[in-house]
Amino acid sequence: MKIAIASGKGGTGKTTLSTNLASYIAENRECILVDLDVEEPNSGLFIKAELLHEEDMFKKIPEWNESTCELCGNCQTVCSFNAVMKMGKMIMVFPEMCHGCFACSELCPTGSLPMKSKKMGELKSYKSGNLNFIESRLIIGEEQAVPLIKQTLDYVDANFSEDRITILDSPPGTSCPVIEATRDADLVILITEPTPFGLHDLKLAVETVRQMGKPFGVVINRNGIGNDGVEQYCREESLDIIALIPNDRLIAETYSAGNLLYPTVPSVKNAVSHIESYIEKINEKMKRDTV
Amino acid sequence: MKEIVVISGKGGTGKTSITASLAYLGGEDLIVADCDVDAADMHLLLSPDFGNPEEFYSGELAVINQDVCIQCGKCQEVCRFDAISVVNNQYFVDSLGCEGCGYCARVCPAEAITNERPGVGQVFVSNIRTGSAMVHARLNIGADNSGKLVAKVKKDAKSLAESKNKTAVLVDGSPGLGCPVVSSLSGANFVVLVTESTVSGIHDLKRVYELVEKFGIKAGCIINKADLNPGVTDKIKGFLDASGIVLLSEIPYNESFTKAMTNGKTIVEYDKELGAIISGSWEQIKELCEI
Ligand code: SF4
Ligand code: SF4
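Protein chains in written order, with UniProt numbering: chain A, 1 to 291; chain B, 1 to 291.
No wet-lab data here; the hints were simulated from the structure.
Please note that a few of the clues may not be correct.
Taking lysine to aspartate or glutamate and the EDC-like style, the derived pairs with C-alpha atoms no more than 20 Å apart in a straight line are [stated by the list, open to error]:
id, chain 1, residue 1, chain 2, residue 2
1, B, Lys-74, A, Glu-106
2, B, Lys-259, A, Asp-248
3, B, Lys-218, B, Glu-250
The structure presented is a predicted model; accordingly, all values stated were derived computationally and were not measured.
The following block holds chain B by itself, in its conformation from the complex (with noise of 0.2 Å):
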């Protein structure tokens, strides 16, 4: 079983759109994970079921019970992220704040201080359009998208596609070169870099490649836009000769990738040009993936 991520480095570039159609063409063959939980918007494109939901927990959050507190202020002295303040002498704790660090509860005199664990999310196996299945998330608001949830999301969608004898996992990645991004991509065989021409997306490329070379993993470019400006697709071509990353294809500008998501469409459904040129990247792509 193969493990494929797209990434882009950074959001607009198409990427979700290019993935929902590589899901679109893999069809029954494909668990599809979208990794991209911070703006997870896959499933407007591929209509899941958002079945199995799963709470997910990672991290602590203080709680300040009023009525053992005795506003020593001591909380407050070691917080390093400014997560307690002062309300009319009592003592709270911003939970947007808070890092879960535990050291406010360690030094608390009162034993006021509790650690919660807050779900920062759920997790869904869902049916999808396609006749697969999809592993997705939804992160609640500032929570902390440390990593872990993208793992999870990974690592679910990989016992699902062994336990059914799927031939690869399919990964919309998370934008950035964070942790989450890490995340996305260990354990990957090959990487689809989607980038588009433009002077932006050429400098966020070589960035999140500079990682993907860390990985040492293969890799392949989209680029999309890529008429928009032809001295900048002449440079991120050099760019991918130099560093021995694959040109998949280049994608015209072209405004029926909106008109397709507004219709809840990919694009191969949607224009037959785009959408062959689409295929072809595909079917390099099985091809460099042996599957």
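Isolated chain A, as found in the complex (with noise of 0.2 Å):
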């Protein structure tokens, strides 16, 4: 099964929810964490674990052959792009605007511009008892994140089997990387704070998994810092509020030596062990429905 934690923008705990909850499952039985966050991760930077495994990344993107091409500017054409440009005698490829759609390659008359790999990323798995640890990163000045965020899900796919806990702790925002990384979860948490910031993103963040037709659920972090909006809100569109993470100083202190909350922070053990049952609740109505 796997659980998307996401939220309308940074900075409201995903990374603390993901890592906390990650580690606390894996107590119990194994459990997989997986930082979509390609741009920065930071998940790592509260999970001591081996590593494990390391490889580069590869994107394809068209790589020009000169000796074949005819000047035909096709690829020109079909580049919606940009990324292929015919100038003069020569056709000039830029890397960073490629969405490697294959178009450009796959339709010129010649062959003359086979799809090369170019690294974009370093994906790291880790493991610590039950707990596996998959980040990956995208090299700086590299600008598309979901390519990477797509194989890194292959990768988990492919090495780890459907029926365990999979936690992603999904990119911020509401545009196409958290829609990636969100697309094949089996339920959303998302996380917000009791201000007007959070109130506003949450209810984007609502609309995008409505949009995507997704089961979800609501902690609210920092709670009794700001107001009841989120609540009301919650209430208003009966969503489930599965935790309350309080404010506490104690819990930024913790946070920021980069220390796992819940060993120390009761209330913090305690709203993780309310997302477990919560998770558990939905498995057992997903079984429930497939069967």
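Dock chain one against chain two, each of which comes alone in its own frame, and use the hints as you go.
Have a look at this one:
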């Protein structure tokens, strides 16, 4: 079962929740934590585990073969992203703009733009006890997160069985990267804070998961710090509030040092245990539905 | 006319609250641009009137005309984004997955596919309560935040500032390291890096600074929640020293940030002590930018 932890924007506690929840679950059974915030993966700062596997991740981009090219210009015509351009007697490829659709390559009449691999990032896989931790990191200056997120998810699918609990720490926002990250999730947990910023971003996130047709619930972080706008909204929209994590300077300090919270902060332990039960409940329901 | 961009690498550092405070301090002299389009929140503090909405288009989306389609499946074969699915023998494009490359339309033997240009969001030029104007945007759910919208917001803000003879444009930058933040940074005269005293704060600061360095932009740093972890704060200061980044201020961990936000106010309006620290930073920024 895959659970995506998402939020409308950064800084609401996605990484905190993902790392604590996964580590807590892993105390009793196998669990996989995947950091899909490939622009800036932070989960690894909180997980102390042994590096088992490391590989470079590639995307495919076209490479011009001058000797066979007839300069017909078809490649430039079919590229919707201005990544392939005919300039005088040359075909220029701009890798940062390429989305990897293969159109220029496969529609070239002379096969002069074969797709070649170009490194876009790195994937690392760690293990500590029952916890498998996978993170991918985009090379700086590499602009497209989606292909790396996709390949990371493929790696997880290929290497781990589906019946394990997999926690996906998603990138922030409501655009392409987060959609890619939550696409295969069986359940989405939206984390927010009880402030006007939190409420505003939660509404966007709710719209997104609704459009994707995913079951989801809400976790309110830093509870008590702002107002009751978020709770009210959840009530009006009949959204499940799965757990509340209180606002607490001790939590902020523990986090600041890169430590997990649930072993020392009872309220966080309480919250992750609630979330685990919720996940169980949804899992049971899913099993019943598929029978 | 100068351009000042505020970025933080990642959300949750207080970037937007600080930028809104700078906007308040700069008053009529500044045009404000909210380039955090994915989770635009500054409007919650500056009360724009959402004036002059303009529809923004970027990219394309494939649409299949069922009356013309002969169900040959060619489109699905060539789509590298798994965006074409078959339901009851009918081929459909999943709008959230489609990258708009147009490959499918080119290979469709029945010419059943057209590329549409969906609106990806709206851009506004609003009056705000500081007596000035703000350019901001609303991105549609799942829309491609390719950086083009960010570029548009900045361009509009700049030309507005020029036509109104303002001294500077203040930009609330995009999070992350991808395309949007690159767009936010291009053309900037000064970058304000907002970080927090946590292990992830310093990690993200270092990563985002690599980008700033590439652009060769002068930078200053505000350390938020500076007393949360003195050890980390010292490390941040060491990094600033070594990198030639000016330390603008250290702001203590303070719940006024949230309280001010909950009241729809900037921190300078809400908390005298914190306000004085941020005013100090603003004076320094003005000096460093020679405005
Ligand atoms: S489509 Fe192929 S042959 Fe035509 S210009 Fe491009 S690379 Fe050359
Ligand atoms: S390629 Fe054209 S005709 Fe063939 S299934 Fe796709 S839309 Fe239908």
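- [ ] Decide if the proposed pair is consistent with the structure: Lys-74 (chain B) and Glu-106 (chain A), CA atoms, cutoff 20 Å inclusive.
- [x] Between Lys-74 (chain B) and Glu-106 (chain A) the Cα gap is close to 13 Å, so the pair holds against 20 Å.
Open item on the list: Next pair to validate is Lys-218 (chain B) with Glu-250 (chain B); report whether the Cα-Cα distance is within 20 Å.
Closed with: holds, 19 Å
Task: Agreement of Lys-259 (chain B) and Asp-248 (chain A) with the hint, judged by alpha carbon distance not exceeding 20 Å - done: holds, 15 Å
Consistency note: the structure conflicts with none of the earlier hints.
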